[in-house]
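Trainee: Sequence:
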Amino acid sequence: YKSVSNPEVVRSLPLTVEAISAWDGKSLPADAVYKALSQDLAEARRNQTIGDLSKRLNMELAGYRSLMAKTARKLPFKEEPASYKDAMEQLDERWGDPAYWQVIRRNASSYTPYYLLAALDHRIDDLGEVARATPDQAIYLDIFARTFWM
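Each residue of the sequence shown is one higher than the one before, starting from 1 at the first, in my numbering.
One or more hints might be untrue.
[Unchecked claim] When the alpha-carbon atoms are kept at most 25 Å apart in a straight line, the in silico PhoX-like pairs for lysine-lysine are as follows: (1) K70 / K55; (2) K55 / K74; (3) K74 / K85; (4) K85 / K55.
It should be emphasised that the hints constitute simulated quantities derived from the structure, not laboratory data.
With the hints as constraints, model all of the structure from the sequences given.
Mentor: Written out as structure tokens, the structure reads:
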């Protein structure tokens, strides 16, 4: 079960998970997704679940931990912004990069193939396809081969 368990994002970002499901995954998401994320992050900070969430997302995209901490510290907004997208991008320009949103979208389920694929030196790419891990991350198959060779 642990090899496919992925509760952090669903538990900490319930509004975002629901809102991001309609996103095409290519352009930036709609303003409603930014609003949902801002509400979820403010709540996650109050509930002290931001650490587990940040750790999980940082496994897939380096820099996510600092992004979440920086953003959550500045939420909730004192006044409702005219555009949540613009307001979030003013907090940190990385919210204007679809790669960060793709990580949330890939983790919008309580189950993930991430850990199982990593153990087999594979990953899910930005298009949602199974792909070989990059050479600097592909270490397990060599270890398995040496173990079974003995």
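Trainee: All hints are to be evaluated individually against the structure, with a verdict given for each.
Mentor: Consistency of the hints with the structure:
For the proposed pair K70 and K55, the alpha carbon gap of about 14 Å is at most 25 Å, so the pair holds. This hinted pair checks out: K55 and K74 have alpha carbons roughly 19 Å apart, not beyond 25 Å. Between the alpha carbons of K74 and K85 the distance comes to roughly 15 Å, so the proposed pair stays at or under 25 Å and holds. Distance check on the hinted pair: K85 and K55 sit about 24 Å apart at the alpha-carbon level, within 25 Å; holds.
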